[in-house]
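Protein chains in written order, with our numbering: chain R, 1 to 163; chain U, 1 to 298.
Since the hints were made in silico from the structure, they are not lab data.
Beta carbons: idealized from backbone N, C-alpha and C, even for Gly.
Do not rely on the hints blindly, as some may be mistaken.
As the list claims (entries may be wrong) - If the Cβ cut is set under 10 Å, some of the chain U residues that face chain R in the computed set are:
#, residue
1, V224
2, R225
3, S263
4, L280
5, A292
6, R296
What the hints assert, rightly or not - Calculated lysine-lysine pairs in the DSSO-like style (CA-CA distance at most 30 Å, straight line):
#, chain 1, residue 1, chain 2, residue 2
7, R, K150, U, K257
8, U, K153, U, K273
9, U, K204, U, K153
10, U, K273, U, K257
11, U, K153, U, K257
12, R, K150, U, K273
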Amino acid sequence: MATNTRGKPNKDTDDQVLQWVTFRLDGETYGINVMQVQEVLRYSEIAPVPGAPSYVLGIINLRGNVVTVIDTRHRFGLPAGEVTDNTRIVIIETDNHVIGIMVDSVAEVVYLNQSEIESAPNVGNEESAKFIQGVCHKNDELLILIDLNKLLTNEEWAELDEI
Amino acid sequence: MSRQHPDRPQAVLQSYLDELLTSSEEPEPHRYADPLEEQRERLQKLLYSASLRESTAEPIPAPVVVEPEVKTRTRPNVQSFAPEVTRREVREEHTAIEVVTRAEPEPKQEPEYEEPEALLEEPEAKLPEPEAMAFRAKDLEWLDNGRPAWAQKRFDVLLFKVSGLTLAVPLIALGQIHPMTDELTPLFGQADWFMGLLPTSMGKIRTVNTAKFVMPERYDESFVRTAQYVISIDGVPWGLAVDTVNQPISLDPEDVKWRSERSRRPWLAGTVKEHMCALLDIPRVGQLLMEADTRRRA
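The task is simple: from the sequences and hints, build the whole structure.
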């Protein structure tokens with residue numbers, strides 16, 4: 001198994017190499033596909049939206065565009081956390097939707113071969129389990145890879161459009 | 001000179017002396033051959049002078065006369081209104097009485113006024129709901145461009161805060177801003193977002209607990225203590241309780257992200273991008289409040 005932690009993609013094999021942006025949430029490290037990440041923002045004031053679903057923190061103004069920010073901890077069934085200097089809002093794009101997810105901190109971008117990704121065991125709680133695409137052991141640490149397309153259901157995406 | 005008669009010289013002298021005496025004051029010839037005409041002229045002069053005195057005389061002030069006339073006229077009107085008029089007419093009559101009542105220190109002089117005074121106690125029960133809703137019908141409409149009728153061109157909004165949440169409302173349907181200096185009068189059997197009746201010079205305003213109405217999922221009980229103003233909605237007897245009020249701002253329709261789907265939270269028109277605050281469709285809010293009130297009564 002070829003492994004590239006932060007180096008170049010492996011050209012010797014057909015093993016597809018993907019880049020993942022890792023972030024921290026309640027002591028765990030998660031990864032999302034870098035192709036779906038538009039940018040990473042420092043925490044800025046999030047305006048609450050009346051009547052919004054409980055997993056929505058509110059909205060921010062991103063260069064004139066209104067972007068909905070998801071409470072990732074709430075979505076993953078984790079306890080609420082405090083906003084710190086490391087808190088970031090990751091702007092992601094999925095299926096014609098642009099949203100922000102608030103995380104405790106953003107760590108780095110890592111390269112992972114497809115073969116490195118293992119199917120998800122029963123890690124995390126039940127809430128977060130349905131969003132997990134796979135896991136990977138990296139530097140003696142478990143990296144949980146998130147399938148952003150599963151972060152919200154179709155109904156929930158539609159719900160966000162109403163905000 | 002002839003001496004034709006011995007008495008003649010004396011007669012002539014007498015005549016001469018008479019002429020001397022009377023020449024300087026030659027008797028004025030009578031203007032009126034008939035003395036009745038002279039009397040008639042004097043009478044005319046008297047009448048003329050009398051008419052002059054009448055015209056220059058001070059007009060007699062009549063306030064004392066007016067007051068009893070008003071009372072005798074008002075009383076039968078009120079009595080005749082009570083049994084037959086529609087709800088709207090009752091309110092108009094009632095409003096007029098209320099103004100009079102505030103102007104006079106002792107409003108309860110006539111026992112006949114007790115009936116309208118009793119109506120005053122519950123003004124919310126005599127409200128012209130259908131007309132108020134019809135008045136706002138044009139503002140309720142959303143056009144094909146995805147914007148409400150009141151936002152087809154630049155429009156002004158008022159920003160205010162409710163439990164830390166900034167809200168914007170178009171000025172088009174706002175009434176007045178009333179400080180919450182008086183205690184709200186609670187009413188039983190109301191929705192949970194009903195705070196109470198606020199007495200104002202414009203009547204009693206049914207005050208909405210805006211925090212609970214807009215964001216029940218994040219409601220903080222402290223709002224009841226922090227709310228300082230009530231913004232009345234034009235056309236309906238309702239008002240929104242708010243914490244603070246900011247200056248109004250002017251918005252271009254492009255400054256707002258308009259909601260395309262409003263089946264849920266129809267009172268939310270969109271989001272003001274620059275200020276990142278919710279824009280309330282205040283005509284729709286008024287309609288919803290009136291509908292809620294109608295359902296409650298039914």
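Structure-based check of all given hints:
no.	hint	result
1	V224	18 Å, violated
2	R225	20 Å, violated
3	S263	8 Å, holds
4	L280	9 Å, holds
5	A292	16 Å, violated
6	R296	22 Å, violated
7	R:K150 to U:K257	26 Å, holds
8	U:K153 to U:K273	17 Å, holds
9	U:K204 to U:K153	34 Å, violated
10	U:K273 to U:K257	7 Å, holds
11	U:K153 to U:K257	15 Å, holds
12	R:K150 to U:K273	28 Å, holds
Of the numbered hints given earlier, the model fails hints 1, 2, 5, 6 and 9; all others are met.
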